[in-house]
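Residue numbers (this note's numbering), protein chains in the order written: chain A, 1 to 146; chain B, 1 to 417.
Misleading hints may appear alongside valid ones.
Distance condition first, Cα-Cα at most 30 angstroms in a straight line; then the derived DSS-like pairs of lysine-lysine [stated by the list, open to error]:
1) A/Lys79 to B/Lys66
2) A/Lys79 to B/Lys312
3) B/Lys54 to B/Lys70
The set of hints was computed from the structure by calculation and includes no laboratory data. Computed from a predicted model, the values in this text were never measured in an experiment.
Here's the letter readout for the chains.
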Amino acid sequence: MQRIFINKSLCAGCKNCEAACMAEHTTHRSLWLVNLSDPSNKPNNRVALDNSGQPTPIFCQHCDDPACVTACMAGALTKNPETGVVEHNRDKCAGCWMCIMSCPYGMMHTSGVYEDTAAKCDFCAERGTPRCVSSCPTGAITLRTI
Amino acid sequence: MQYVIIGSSAAGISAVSAIRELDPKNSIIMISKDKQIYSRCQLPEIITGERTLKESCFIPANFFEKYRVKWIDDTGVTHINTDAHVVETNNGQKITFDRLLIATGASSFFPPIDNLQKGRQICGLRNIDDALQIVDYAHDMKKAVIIGAGLVGVEAALALNDLGLKVTLVENASHILPLQLDQTAAGNYERLLNEHQINIYTNEIVTKIHLDEKQNVTHVELKSGVILPADLIIVATGITPNIQFLDHVPIKINRGIIVNEKQETSIPNIYAAGDVCASTESFTAKITPTPIWPLAIEQGRIAGTNMAGGNKQRTINFAYKNSMNLFGLSTISYGFTEAPNENYTTHIQFERGSYKKLIIKDGILFGAIFQGDISGAGIYGKLIAEKISINSLPPERLFSISYANFFNQQENGLYRY
Ligand SMILES: Cc1cc2nc3c(=O)[nH]c(=O)nc-3n(C[C@H](O)[C@H](O)[C@H](O)COP(=O)(O)OP(=O)(O)OC[C@H]3O[C@@H](n4cnc5c(N)ncnc54)[C@H](O)[C@@H]3O)c2cc1C
Ligand code: SF4
Ligand code: SF4
């Protein structure tokens with residue numbers, strides 16, 4: 001499977017990865033049309049400051065033993081055995097937030113865009129490379145096969 | 001080699017996939033009273049019709065074929081002969097096992113209230129039959145009283161309110177959801193319930209159910225003397241483990257089947273997992289039932305792995321976590337809801353309509369409530385479950401701790417704390 005590797009010392013805190021994620025998960029997929037201040041459209045990734053103030057990009061790592069999957073009482077979250085991607089099925093999701101309660105890295109969230117369901121990184125299912133990785137101008141995030 | 005699993009819910013099902021990861025060939029027999037696989041947590045949605053029974057199934061349709069499980073449904077286990085390694089059922093079957101998993105979960109607990117066992121329109125809410133019975137009654141009934149305002153009681157109240165019944169909640173504690181929330185967070189839900197015409201009596205105890213001559217429910221009497229007209233009663237005062245069939249089995253039980261870190265019971269080759277067992281809970285360090293879905297899944301998986309010859313131990317067995325989404329107001333809470341004594345400090349934030357509270361002692365988080373904005377809550381859950389120090393963090397970030405504060409990516413790309 002593939003994972004996103006993070007070199008936080010290269011992160012400029014530009015949040016291009018967040019913007020790319022937001023754009024990718026709208027119907028038009030356009031960075032020009034996406035409303036970046038729409039509170040209901042949250043990115044699945046985030047850039048946050050570490051203890052010394054260094055911006056640090058954080059992504060769902062599609063865990064080997066995902067706590068979100070263990071918590072999901074609806075069977076809406078599953079780990080795809082072929083790709084390793086932890087997938088969320090919005091139709092099955094009951095919006096109980098047990099996954100948000102359980103992800104130790106804060107990578108499950110609520111999505112106003114999809115109403116009362118959870119949302120997470122889908123590894124940009126319809127693209128070869130996650131759009132955050134393609135959008136990072138500094139090389140702070142890279143894709144590696146493990 | 002034959003595996004037998006009693007119970008086809010969270011714990012039993014997750015044991016199956018764990019067994020099959022290590023043992024693709026030996027036979028697995030699953031026995032359950034349940035006739036369908038469904039998520040009990042979604043019974044309220046089934047009552048309101050938001051979800052069908054089929055939609056609440058939490059496993060893929062081909063699960064039993066894929067994992068080659070013989071499922072004996074609609075069958076209750078009545079006895080286990082531990083010498084002969086035989087499970088006996090209510091329809092006369094005798095099934096031998098080499099490794100057995102007891103994952104029979106729990107049932108609604110009916111407290112000793114006058115006439116509670118006798119009255120007709122009185123239901124718990126635990127199994128699909130309860131939900132269907134409630135739906136059936138709800139067609140003709142107008143006034144429901146719910147005894148107990150924990151999560152199940154409150155969810156039942158919302159569901160019946162949705163179906164147009166006049167609902168009253170009666171709770172022993174001073175506020176609703178007493179195990180999950182503090183007064184402030186619960187108060188926000190109490191207001192929403194009241195706005196939806198759901199009545200709440202807190203600090204109250206149901207002392208008696210009044211019945212007519214045909215044992216139909218007519219009224220509910222409270223300790224204060226209040227008499228509430230009712231034609232339907234839901235009992236949501238907690239659960240009791242399904243261990244009746246173990247009455248004559250020499251297995252160690254104390255508020256649940258006692259298990260060790262490997263989910264082994266006191267009898268070799270017999271395991272237990274989920275709501276039926278009692279294990280060392282990590283927040284309290286006490287042996288208690290841990291009746292939440294994620295732990296039933298986790299314990300089932302550990303049992304399954306060990307049954308199939310693996311060696312897996314429970315590490316974190318943290319049961320003090322709750323999430324809810326009621327009337328569009330979301331809350332996640334962990335650990336204590338109030339500081340137990342003056343050695344703990346309480347930090348509170350009201351911001352943009354959200355309420356957040358943290359309880360800390362010596363740089364360790366012991367409790368958290370997030371109401372409204374719940375994003376990133378899971379990090380606090382991890383810190384509380386594993387008692388990870390936050391001493392080195394900038395204090396002004398107390399309410400915005402993220403994984404960036406602990407960032408540590410391994411060579412395989414996985415994160416660690
Ligand atoms: C309305 C409701 C809402 C809930 N909401 C949440 C929530 O939000 N979060 C959360 O974490 N948890 C929630 N729970 C609790 C959660 O459903 C349980 O923790 C979980 O189902 C436990 O799984 P289990 O496999 O241990 O047992 P159970 O789900 O109780 O299943 C027991 C199985 O054993 C079978 N069985 C029992 N006795 C016998 C017998 N003698 N012979 C054969 N078979 C038998 C039953 O048919 C069933 O298949 C909720 C529960 C309810 C009822
Ligand atoms: S959402 Fe969290 S728990 Fe789930 S796979 Fe991603 S990082 Fe792991
Ligand atoms: S919110 Fe949805 S995805 Fe998350 S645990 Fe609940 S049902 Fe599963």
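Results of checking the hints against the structure:
no.	hint	in the structure
1	A/Lys79 to B/Lys66	holds (16 angstroms)
2	A/Lys79 to B/Lys312	holds (20 angstroms)
3	B/Lys54 to B/Lys70	holds (20 angstroms)
In terms of the numbered hints stated before, the structure departs from none.
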